[in-house]
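Colleague: Please model the complete structure; the sequences and the hints are all you need to start from.
Number of protein chains: 2
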Amino acid sequence: MSPASAPEADASHCLEPRWVLPMDPGSAVLEGHAVVLVGPRIAAVLPRAEARARFPGAARVSLPSHAVLPGLINLHTHAAMALLRGMADDLPLATWLADHIWPAEGRLMSDAFVHDGTLLAAAEMLRGGVTCFHDMYFFPDAAARAARTAGIRAVLGLVVLEFPTPYASDAAAYLARGREVQAALADDPLIATAVAPHAPYTVGDGSFRAACELADAHGLPLHVHLHETEREIQDSLDAHGRRPLARLDALGAVGPRLIAAHGVHLTDAEMDLLAERGAHVAHCPAANLKLASGLAPVAALRARGVNVGIGTDGAASNNRLDMLSELRLTALLAKGVAGRADALPAHEVLAMATCDAARALGLGSRIGALRAGLDADVIAVDLGASELQPCYDPVSHLVYAAGREHVTHVWVRGRPVVAGGRLQTIDPGDLTERAETWRRRVRP
Amino acid sequence: MSPASAPEADASHCLEPRWVLPMDPGSAVLEGHAVVLVGPRIAAVLPRAEARARFPGAARVSLPSHAVLPGLINLHTHAAMALLRGMADDLPLATWLADHIWPAEGRLMSDAFVHDGTLLAAAEMLRGGVTCFHDMYFFPDAAARAARTAGIRAVLGLVVLEFPTPYASDAAAYLARGREVQAALADDPLIATAVAPHAPYTVGDGSFRAACELADAHGLPLHVHLHETEREIQDSLDAHGRRPLARLDALGAVGPRLIAAHGVHLTDAEMDLLAERGAHVAHCPAANLKLASGLAPVAALRARGVNVGIGTDGAASNNRLDMLSELRLTALLAKGVAGRADALPAHEVLAMATCDAARALGLGSRIGALRAGLDADVIAVDLGASELQPCYDPVSHLVYAAGREHVTHVWVRGRPVVAGGRLQTIDPGDLTERAETWRRRVRP
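So the protein lines, in turn, are chains A and B. So the first sequence is numbered by the working numbering: it starts at 1 and just counts up by one. So the second sequence is numbered by the working numbering: it starts at 445 and just counts up by one.
If you're looking for bench data, these hints aren't it; they were derived computationally from the structure. Don't take each hint at face value.
[To be verified] If you only want the chain A side, here are some residues facing chain B, beta carbon under 7 Å, derived:
no., residue
1, Asp89
2, Ala123
3, Arg340
4, Ala341
5, Gln389
6, Ala435
[Said to hold, decoys possible] Label pairs and their computed distance ranges (CB to CB):
no., chain 1, residue 1, chain 2, residue 2, range
7, A, Ala303, B, His662, 50 to 56 Å
8, A, Asp342, B, Ala556, 30 to 36 Å
9, A, Asp342, B, His662, 40 to 46 Å
10, B, Glu674, A, Gly373, 49 to 55 Å
11, A, Gly429, B, Gly817, 38 to 44 Å
12, B, Asp716, A, Thr202, 41 to 47 Å
13, B, Glu674, A, Ala217, 52 to 58 Å
14, B, Arg686, A, Gly364, 53 to 59 Å
All of these numbers come straight from a predicted model, not from anything done at the bench. By construction, the Cβ of each residue, glycine as well, lies at the ideal position given by its N, Cα and C atoms.
Modeller: As C-alpha cells, this is what we get:
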C-alpha cells in the first residue's frame, strides 16, 4: 500500500495549539497560530482566525496546552535491535559484541526478525514523537514493510560488510541486495534509502569506493560508523597507516553525503575537515556513554559549522529509542564537556533533531520544519501536566522537562499515526506477543 | 494530622507483582512472591501462596507485569524551586544565580511560596516513584505541611546561611528557627530534619560548629553543598588557605552524619578521607552537567567504599525531579567518565537510590528495602508497555529503559498515595493553578 493512497490523504486538519515552533531558521515561537495540514502536506502556518477563515472545512484539533513542532528525526539507529533491548548490559564493548550481540544475531537474523524488530521500534519511536529514522541493519526490505505498516518515515541504510551473515555472503552480495532494495523504493514517498558501509574496520577500500559510487549514482546519503572508539582509530593506524577519517577522505567518501555516526574522537584538524567537506555527524550521547566510547565534542563541532544531528543508536546499547531523552542528554552533556553552562542552548538542540537532521538526510526541502509545502510530519506535545508547571518557555520544557509520555499526537505525511497518546496503526498487544516470542528464542 | 491516624493505617495489602526487588544486601530478584503491607509497615515478603494463606484478609493488588521495589530516595533537592522550573536556562552559573534565581527568590520567598512549591514538587516526585526527599530550603515548616498533605516522606534540611533573607536575618536566627522546626517535628513518623549549613562559601566557621552541635545533639544528618565547582575550591583556598573539605574536616564536620551534595571535584586523598570518615555523597548528575560544574568521580568514590546516593537538585537546575531519569544518567555517565562499560552496573545504581540513600540519611533501619518490619515505602513499576519489550532483566529495564510514566502505584508508610498512575492526595488542577499564579509573580 502506498501512503499516497491512504484514506487520510485528502483529509485536512487545522491544529490549534498553544505554541507553534516552526523550526525554520530564525523563526520564533508563535502563539495564537494554527498549522493546517491538507493531505500529505502542510498547507499553511498562520494566525488562528485567518486559518479558520481560509480553511473552513478543516477538522479542528484543539491543543490548548500543547506545543506543535516538526516530528523528531532519529539520525542513527539499528531499529530491529529493539528485540535485543537490555539482553546484555554493563559489559565491555568487546565482550558485549562477541559473546552476546553477534551470537544472537547470527542465530536469529532473518527477514522476520528485522520485520518484527523494526515494527516494535517504530511503535516506540512514533509514540515518542519520532517521525523519521535513519537506519542501518540487515534486510532493509523487511524494515521497509514494517515502517510502512507503522506509518513512520524511514531512510534505510543499505548495509555493506565484508563478512558473511544470513543476509549476504560478501561485500558484492550486500551491494547487489542494496541496489535491488534501492530500485524497489526509488519512488516511495515515505521510505528512502542510504548507502551504509558499516564502519572503517569492517569495510575494505574497494567496497567503500563501490558504496560511494552507488550513493553518487542515486543521490543518497552515505551512512557510516566513524571515529566511535579509540580502538577503531588505533586499528586503522595499524592496518592502514592513517586514521579512519583520513582514509575515507582519500577514498572520496567525506563530503556532503556523509553522515558520520558517533564522531566521538576527533582532532581539531578532523573537525575542520568535516566542516570544509560539508559532512554531517549523528551524535549518539546515550550509546557513547553506555559503551564507554567517550564524550563527543558536540559544541566544538557546531562552533566550526559542522552540521550535527542526534541519534539513539540501537536499543541494545541505549536501551530506549527515545529522542526527547536524547535531546536532554545532548544539551546537558555538551555543557559538561565544554565546561560552559551556556553551551548548546535548548533551541539549538531542538534544531539539531529537526531541521538540521533533515538537511543531513538531504530532505531539508521536504521535512524538518513547519512551512507551507513541506510534508506534514508534525507532532504535538502536551505541556499541561503538573510535572511541567510552571512553564516559562516551551522550548526549554521540550528539551529539559518533558518526556516522551507527553507526546499526544503524531502525523506523518498527514496521516494521524498517534492520537490521544495512542498509536493508531499497530496493536500494542500484538507487538508484545511478537517481542515475547523473539525473547524466548534469544534466551531460551 | 498525623499520618499514624490516617484511615489507611490499619488496611493491609498483598502486592502480587511479577518481580520483587527487595534491595536487601545480597538479595536477588524474586518471582512468584508477594509483599504484604499491614498498616504503616511491611509485614512480609514471601512466596505468593504462603502470603495468601497467612494474610487472607489482605486486599490483593494484582501487578502482573510490574516490578515492586522500595520507593526511590531523592538525596538532594530544593523542592520549592519547582516554581522556578525552566525560568532561566543555558546561562553561566554566576549569571543564572545573580540575575535570575536570587532576585526571584528575594522578591517572592515566603511561607506560601515554599508551601506551594513543595506541594508541586511532592506531586511530581510521588508520581515518579520517589517516596522520600532530602531537602534544603527556606521555611522548612511550610515544606513539612506540604509534604504531609502530599503524603511523601521528607528529611528537611534546616538551612543555615550568614546573609539575611525573608526567612532569617543571620546565622543565629537561621539556627534558632531550625531548632524550633526540629523540636516541632521530633516525633513525626513521616517528616524528619537535617541540619543544612548551605555551603563552605556561605557559612562561616562558627556557624559550621554550631550546626554540627545541633546535628550531634539530635542525631541528625548534616546536609552541605560540597566541592560542587572549581570556583568554590579556589575561593576557599583564597579565603581560608585550604580546600573546603579540609576546612570542614578541621571543624569536625566530616563524619558519618555528613551528606556532601554534588562532590564533583575531589582528589584521591579527599575521596580516601570521605571513605575513612564514613561520610556520604549525594550525586546530582543532571544538575552538575546543566550548570557545567563537572563530571563527578562516582565509580572511583564507590571503589573506595564511599556511600553515594543520588539527587535531582532543584528543578531550577535540572529541570525535573525525576529519579528514574537520574538513575539512568548516573549509570550512563559513570561509564563515560570511568572509560569502562562495566562501571556501575544497573543493580548498583538501584541500590544507590534506595538502601544506600536510606543509610546516608540514618534511616537504614526504617526504609530503603523490602523487609518485614520496615516502613511500607513501596512502589510498583509496570514493565509491560510495548516500549519496554522484550524484558530480559527487570533491573536493567528500571535503570535503562523505563520512565517515571511507568510508575503505577506508590505507598508511603502503607498509605496508597499513587494508584493506577494517579496521585490520590492532591488535585492536579489545583496544583496547576497554584503554579500558574506564582509564574505570573515570578515573571509578570
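Colleague: All hints, please: hold or fail.
Modeller: Each hint, compared with the structure:
no.	hint	in the structure
1	Asp89	holds, 5 Å
2	Ala123	holds, 6 Å
3	Arg340	holds, 5 Å
4	Ala341	holds, 4 Å
5	Gln389	holds, 4 Å
6	Ala435	holds, 4 Å
7	A:Ala303 with B:His662: 50 to 56 Å	holds, 52 Å
8	A:Asp342 with B:Ala556: 30 to 36 Å	holds, 33 Å
9	A:Asp342 with B:His662: 40 to 46 Å	holds, 42 Å
10	B:Glu674 with A:Gly373: 49 to 55 Å	holds, 50 Å
11	A:Gly429 with B:Gly817: 38 to 44 Å	holds, 40 Å
12	B:Asp716 with A:Thr202: 41 to 47 Å	holds, 44 Å
13	B:Glu674 with A:Ala217: 52 to 58 Å	holds, 54 Å
14	B:Arg686 with A:Gly364: 53 to 59 Å	holds, 56 Å
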